[in-house]
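Residues per chain, in single letters:
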Amino acid sequence: MTLINPYKPEPAVIQAIRSETPDTTTYTMKFRDLQEFSFEPGQFNMITLFGYGEAPISISSAPSEDGTFEHTVRHVGNVTNAMAGLREGDTLGVRGAYGTGWPMSQLEGQDVLIIAGGIGLAPLRPVIQAVIGDRRKGNGRYGSMEILYGARTPADCLFKDDYEEWRSAEGVNLLLTVDAVPQGMDWEHNVGVVTALFDQMKSRPADTIVLTCGPEVMMKFVVRGLLERGFSPDRLYLSLERRMSCGVKKCGNCQIGSKFVCKDGPVFAYAELMTLSEEVL
Amino acid sequence: MAMPRAFAEAQRLLRLDKSRLDDFVEALKKVADVYGPVRKGVQHSFQLLEDKRPELDYHTTILPPKKLLHEPFEKLFSFEEDRVEVVQSVPKRPQVLLGIHPCDVHAIEILDQVYGGEYEDPYYQKRREQTVIIALNCTTVHDNCFCSSLGTGPELKSGYDLLMTDLGDQFLVEVGTPRGAELVAEAGLEPAPRVTLVDKERRLSEARNRLRKRLLTQDLDQLLKDNFRHPVWEELRHECLACGSCTMVCPTCFCYNTVDVLNLDLKSGWRERVWDSCLLLDYAQVAQGMNFRKDRDARIKHRVYHKLVYYEPQFGTLGCVGCGRCIDTCIKGIDITEIIRELRGE
Chain A
1 MTLINPYKPE PAVIQAIRSE TPDTTTYTMK FRDLQEFSFE PGQFNMITLF
51 GYGEAPISIS SAPSEDGTFE HTVRHVGNVT NAMAGLREGD TLGVRGAYGT
101 GWPMSQLEGQ DVLIIAGGIG LAPLRPVIQA VIGDRRKGNG RYGSMEILYG
151 ARTPADCLFK DDYEEWRSAE GVNLLLTVDA VPQGMDWEHN VGVVTALFDQ
201 MKSRPADTIV LTCGPEVMMK FVVRGLLERG FSPDRLYLSL ERRMSCGVKK
251 CGNCQIGSKF VCKDGPVFAY AELMTLSEEV L
Chain B
1001 MAMPRAFAEA QRLLRLDKSR LDDFVEALKK VADVYGPVRK GVQHSFQLLE
1051 DKRPELDYHT TILPPKKLLH EPFEKLFSFE EDRVEVVQSV PKRPQVLLGI
1101 HPCDVHAIEI LDQVYGGEYE DPYYQKRREQ TVIIALNCTT VHDNCFCSSL
1151 GTGPELKSGY DLLMTDLGDQ FLVEVGTPRG AELVAEAGLE PAPRVTLVDK
1201 ERRLSEARNR LRKRLLTQDL DQLLKDNFRH PVWEELRHEC LACGSCTMVC
1251 PTCFCYNTVD VLNLDLKSGW RERVWDSCLL LDYAQVAQGM NFRKDRDARI
1301 KHRVYHKLVY YEPQFGTLGC VGCGRCIDTC IKGIDITEII RELRGE
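Here the protein sequences line up with chains A and B, keeping their order. 102 is the number that our numbering gives to position 102 of the first sequence; each next residue is one higher, with no gaps. 1322 is the number that our numbering gives to position 322 of the second sequence; each next residue is one higher, with no gaps.
So here's chain A without its partners, still in its complex pose (with noise of 0.2 Å):
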């Protein structure tokens, strides 16, 4: 019986690297030997610094032709801290994609609202980028998009080199948020938390779908926010972060109730949740 082993990292080469702010930077990426590699927005790879270990990351970019594709990494634990070292050129163990990423095909024909929080932005933009894409091409297959962020300070805002782009796509609305402006620095957007900027925004319940990504405590205040504003629970994704050792259901550790965060998440419809009996938000 030959099996193929999904604990062992493929080598991917890194060519290029982007620091996004004082403790973020993204890496682009690409497989030395794998051919074959699909992604769909949303999903994550198990990364390996060999002799620091594994960690579960998001994919930040679009699935994109010539087979690169982003990370965008906040140095803060054991992996990632020790990822801030590698240079451009340097190697590292990439397995996946893995996970059940945001509902694409659902989003066909809909309004779409983006709720992120620091670097929950990050597997969001494979979906903005895919969004954009399309209605770049003239298909049309997804209505308007608003993209409400927020951040500590206008530095730790990811992405700055997008904004341009997206705001200046048909029909995509950017709100801009952060909690605290430091001193001497500009800053011509809102300053408070990101369900603040809910008064600003177009989106209306019945046509929208919800993407949301960020810290648990914000996620908890977006979707009451948005409860309360008569968006309904199975229009409203969220994105979780669990500890994961594995990313197949097999080591057990990022388990909410009955679901494996790795396969049946790391995005889930708020509806799904509220049926656990463990809570999430």
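Bear in mind the hints are in silico, worked out from the structure with no lab data behind them. It is possible that part of the hints are untrue.
Unchecked claim - Partial chain B-side listing against chain A, Cβ under 10 Å, derived: (1) F1073; (2) L1076; (3) F1077; (4) R1083; (5) T1196; (6) Y1256; (7) N1257; (8) L1264; (9) L1266; (10) Y1283; (11) R1293; (12) R1296.
The beta-carbon is built from N, C-alpha and C at its ideal position, and this holds for glycine as well.
Starting from the known structure of chain A, fit chain B onto it as the hints suggest.
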């Protein structure tokens, strides 16, 4: 699959005189590594039977036979810089698990589900393929057994290559698979008259009557769903020490953590997986200290719910086989059957 002729013709009912047990084990050793229950202090443990004799009148073992299929520490691969080489410490010869009780056989069948599915675990699967199960029905029971409540004992109906039942001065040996038939042919066991089945039934029925503990499974799912905020969990927050012993001795617990170990050159090393426990503080902790089950009641509750509610949608079966090891081992005397009785208001 058609039965090989050898099996079709083989006797399904055989007998083994206890005086000939050593000969039987020796015959098994010729073709396989034989593991059986041997004494370890005042308890028993499944060990390789090199020069040791199996003690088949054992009550239970410290660790379940799971340790021979999903090892407590297992190398997944070795690496040197970015070169990866898969390591598989699969036994070269088949391994016989001799004298494992019905609850433990049921637990292995659950692990087969866990390590199967869409992403098969090659380490478990290869070892499992090499494994021969010579089960032993329970004609004696101990205080913390509650298998009869879960339909996992004291009698085994399937899942064995050979099944033994203690009939006093001899064992009844029933053949379950062609592989089992080959082994008994090798060992030259004699046919047993059908009447021995009556003796077997009597002894197992007596054992069943001696089981004192119960875990009533009727509407268990609903009971637990309705009692997620029952005061018993608050009590357990203070009671449970979160030591994780119950998960280490559990025959169906499967969680693990991975660790990279470096050699002294700091370039080469290996990744191994190590049994993990949902009772431990850092089990559900992520970077920056966010912990999704920070409180001890949340952790023991997760364990109880996983065993009695979540396994069903995940693997199509309850996750508890009633072996009683978690009760044996808990230094605070926490008893899953008592928790359920309390939730039922008994």
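Results of checking the hints against the structure:
1. F1073: violated (14 Å)
2. L1076: At 5 Å from the nearest chain A Cβ, B:L1076 passes the 10 Å test, so the hint holds.
3. F1077: Hint on B:F1077: holds, closest Cβ of chain A at ~6 Å, below 10 Å.
4. R1083: With a closest approach of 8 Å, the B:R1083 hint holds.
5. T1196: This interface hint is violated because 38 Å lies over the 10 Å limit.
6. Y1256: holds (5 Å)
7. N1257: Since chain A brings a Cβ to about 5 Å from B:N1257, closer than 10 Å, the hint holds.
8. L1264: violated (12 Å)
9. L1266: For B:L1266, the interface hint holds, since the closest Cβ of chain A sits about 7 Å away, which is under 10 Å.
10. Y1283: holds (7 Å)
11. R1293: With a closest approach of 9 Å, the B:R1293 hint holds.
12. R1296: violated (15 Å)
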